[in-house]
Amino acid sequence: MSTLSTNHAPRDSAGPRKIPDQLSSPATKALKSWESLLLLVAVAIFLMNALASPYFLDAWNLSDATYNFTEKAMIAFAMALLIIAGEIDLSVASIIALASTAMGLMMQAGFGTPALVATGLVVGLLCGAFNGLLVTRLGLPSIVVTIGTMSLFRGISYIVLGDGAFRGYPADFAFFGQGYVFWVFTFEFVLFAVLAVIYAVVLHRTNFGRAVYAVGNNATAALFSGIRVGRVKMILFLLTGLMSGIAAVCLTSRLGSTRPSIGTGMELEVVTMVVLGGVNILGGSGSIAGVVIAAFVMGLVTFGLGLLNVPGIVMSIFIGLLLIGVIALPRLWKKLRRA
Amino acid sequence: MKKLAGLMMTAAMATGLMASGAQADNMRIALVVKALGIGFFEAANKGAQEAAKELGDVDIIYTGPTDTTAEGQIEVINSLIAQKVDAIAISANDTDALVPTLQKAMKRGITVISWDSAVAPEGRMAHLNPSSNELIGKMIIKLAADNLPDQTGEVAVLSATTTSTNQNIWIDEMKKAMKADYPNIKLEATVYGDDLADKSYREAQGLMQSYPDLDAIIAPTSVGIVAAAQAVVDAGKVGKVNVTGLGLPSEMAGAIESGASKSFAIWNPIDLGYSATMMAYHIAKGDVKPQPEAEIPIGRMGSVTLDETNSAAMADPFVYDKSNIEQFKTIF
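Line by line, the protein sequences give chains A and B.
Following the UniProt record's numbering, the numbering of the first sequence begins with 1 at its first residue and continues without gaps.
Following the UniProt record's numbering, the numbering of the second sequence begins with 1 at its first residue and continues without gaps.
Hints are computed from structural coordinates only; laboratory data are not their basis.
Take the hints with a grain of salt, since some may be wrong.
From the structure, some residues in chain A lie toward chain B, with a derived Cβ separation under 8 Å [claimed, not checked]:
id : residue
1  : Asp58
2  : Asn61
3  : Asp64
4  : Asn68
5  : Ala109
6  : Phe111
7  : Thr113
8  : Gly155
9  : Tyr158
10 : Asp172
11 : Leu255
12 : Gly256
13 : Pro260
14 : Gly265
15 : Leu307
16 : Ile313
Chain A stretches covered by chain B per the calculated footprint, using a threshold of three residues with CB under 8 Å from any CB of chain B [to be verified]:
id : segment
17 : 160-169
18 : 293-306
Heads up, simulated SDA-like pairs for lysine to any residue below, C-alpha to C-alpha not over 20 Å straight-line [what the hints assert, rightly or not]:
id : chain 1 : residue 1 : chain 2 : residue 2
19 : B       : Lys104    : A       : Trp183
20 : B       : Lys107    : A       : Ser63
21 : B       : Lys84     : A       : Ser63
22 : B       : Lys329    : B       : Ile38
23 : B       : Lys175    : B       : Leu148
24 : B       : Lys104    : A       : Gly168
25 : B       : Lys107    : A       : Gln178
26 : B       : Lys107    : A       : Tyr180
27 : B       : Lys84     : A       : Ala52
28 : B       : Lys199    : A       : Tyr158
29 : B       : Lys84     : A       : Asn309
30 : B       : Lys46     : A       : Asn309
31 : B       : Lys84     : A       : Asp163
32 : B       : Lys104    : A       : Leu134
33 : B       : Lys104    : A       : Ala59
34 : B       : Lys107    : A       : Gly179
35 : B       : Lys199    : A       : Phe175
36 : B       : Lys84     : A       : Pro311
37 : B       : Lys175    : A       : Asp163
38 : B       : Lys104    : A       : Tyr55
39 : B       : Lys104    : A       : Val181
40 : B       : Lys46     : B       : Glu308
Predicted model, so just to flag it, every value in this text is computed and none were measured.
No residue lacks a Cβ here, since even glycine has one placed at the ideal position from N, Cα and C.
Kindly produce the complete structure, drawing on both the sequences and the hints.
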């Protein structure tokens, strides 16, 4: 599925020639795509949930349930681009801890909500820049770098906070994690939707998006095609850091406090979401639509099973099976058809 | 994306049409624990079931996240709010982070109490401590001191996580008691095993290597104490390093038999789950108002009185050693 193959004839219309993400007609692609399979799974889970519990179909309950995935999904968008480009960032949850700790320090120094938000975003960007510089300037593998910074960033939080906590955030700060934009739609959910659109446009409709695919498929070829590979990767690390900063603002606001253990283990859930969304873990292909549906699938599964009071251990088994199942089924299907 | 947004909208609108039925007659009390699969909380569930049976009109929902995170407990609480349970009795992973979610629960008419590990006062109506922190702090150092010649020697603490509310308070109380009553005992170090068996084991090993003259490891956590006892056995230091602290009889029976641990303490988690359920029931029923100096009946355990922060202590910790371990190891 090389995205750089160009066996399509140039079109008659003027303007830049379109290079397809995948090599089949749009109609069959839409039908056979990962996204439609996943959408089917999402709808099935939604219906099963609705049948299994009388409490599922309630606007406010569904609204509460979106908190299960909104923060993770925000990071997953940037992570998807990063993974498509052939890199990964495992330090995202630790960036949340560090950004949240920095916000706590600012809050103690008496700064108001705008400064707190700015702090969260700037710290996120700085962490992303640190990861990005180590990967692009020193040429280190991102998985090694970010496993290191995973301990480093959270370690700083532990040094600052120890077993203490920052509490007493200003009242208007609570809006980001607890407020509603209109009716049942929370600020986090609206932000998630807006970001989904932005990321979809960036990845699928801009030169930068094409460059991301190109870098992930063959970085050397991309470099010789005039794409500044290092710069693309640097921007993606910055984006991932920024999104982690945004998630830190939302999560801190939702919890109303900061502890160094905030968001522990979230990086794996983010990567799970991205892979479940059909992004190739080896880089080169994937879509934002897939990640969006995967976010809903994971949120619906955890909320639905939660309503039935299924123990969390069973829930993780279910998510694991879902991940393996959705990845294995298309391959099995191909093998069976060939046999 | 569009389709899904549409689906959510349809669902939301359908709700308006559907009457939300299924109103159970029994009172539903949710016992929310730090994480599932921990012996202590399984035992607490036994006690809750016992209380439910005794009360007759109560259903217990025993639930909790996979990992001991605040985020995981918030997801659980949100699903309980959605189910419109009558009461939530929670052992919190984080004192502060659960407050906004639990306040939402109370706003929607759910009785919220915490037990074992407390929620900040603004996030719950009352809190049930298994014992008083001061008594626990005194107890764990006494257990170590009683097995030291002339109450003199070197001890170290193996705790859970650096953010574990309970453990931190107990260690503080222990230090106070040391200053007052045990001037010849030296606390060499406090290390954290994060309530993970393998990490606790390595930390205990590290303690014995760093402090060759160590006389006792005090682990005020049921995971840490077992791991520490195992580390002492594996290092061949039985009889030299005594492991004590808080543990479960079923998990500690081997350590008592091998001599790695001479004695340890714990309150009875069955009693704790039982009492928390009783407390939640009486508050949810409206029998008592949760306010300072209110006396709340807790069935066969008698009654507790709330202090100025609406907290109450259930009972003193209980010591287990060679004489009674056989009897209790089958219970929890």
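- Query: Given Ile313 of chain A as an interface hint, is the shortest Cβ-Cβ distance to chain B below 8 Å?
  - Reply: holds (5 Å)
- Restraint check for Lys84 of chain B with Asp163 of chain A, where alpha carbons must lie at most 20 Å apart: The given pair, whose Cα atoms are some 34 Å apart, is violated under the 20 Å limit.
- Query: Given the proposed pairing of Lys104 of chain B with Tyr55 of chain A, does the C-alpha separation stay at or below 20 Å?
  - Reply: holds (17 Å)
- Task: Against chain B, run the beta carbon of Asp172 of chain A and see if the smallest gap drops under 8 Å.
- Result: violated (14 Å)
- Are Gly256 of chain A and chain B close enough, Cβ to Cβ, to be under 8 Å, as the hint says? Holds, because the Cβ-Cβ distance from Gly256 of chain A to chain B comes to roughly 5 Å (cut-off 8 Å).
- Verify the proposed pairing of Lys104 of chain B with Trp183 of chain A, using a straight-line Cα cut of 20 Å. holds (17 Å)
- Message: Lys199 of chain B and Phe175 of chain A were given as a pair; does the straight-line alpha-carbon distance stay at or below 20 Å?
- Response: violated (39 Å)
- Does the nearest C-beta of chain B fall within a distance shorter than 8 Å of the C-beta of Asn61 of chain A? Status holds, d = 4 Å.
- Message: Three residues or more, CB to CB closer than 8 Å: is that satisfied between the segment 160-169 of chain A and chain B?
- Response: Result for this restraint: holds, n = 4.
- Message: Checking one constraint from the list: CA of Lys84 of chain B to CA of Asn309 of chain A, max 20 Å. Satisfied?
- Response: holds (13 Å)
- Item | Straight-line alpha-carbon gap Lys104 of chain B to Val181 of chain A, limit 20 Å | holds (18 Å)
- Using 8 Å as the Cβ threshold, decide whether Asp64 of chain A counts as touching chain B. Since the shortest Cβ distance to chain B is 5 Å, the answer is holds.
The structure is inconsistent with the numbered hints 5, 6, 7, 8, 10, 31, 32, 35, 40, although it conforms to all the rest.
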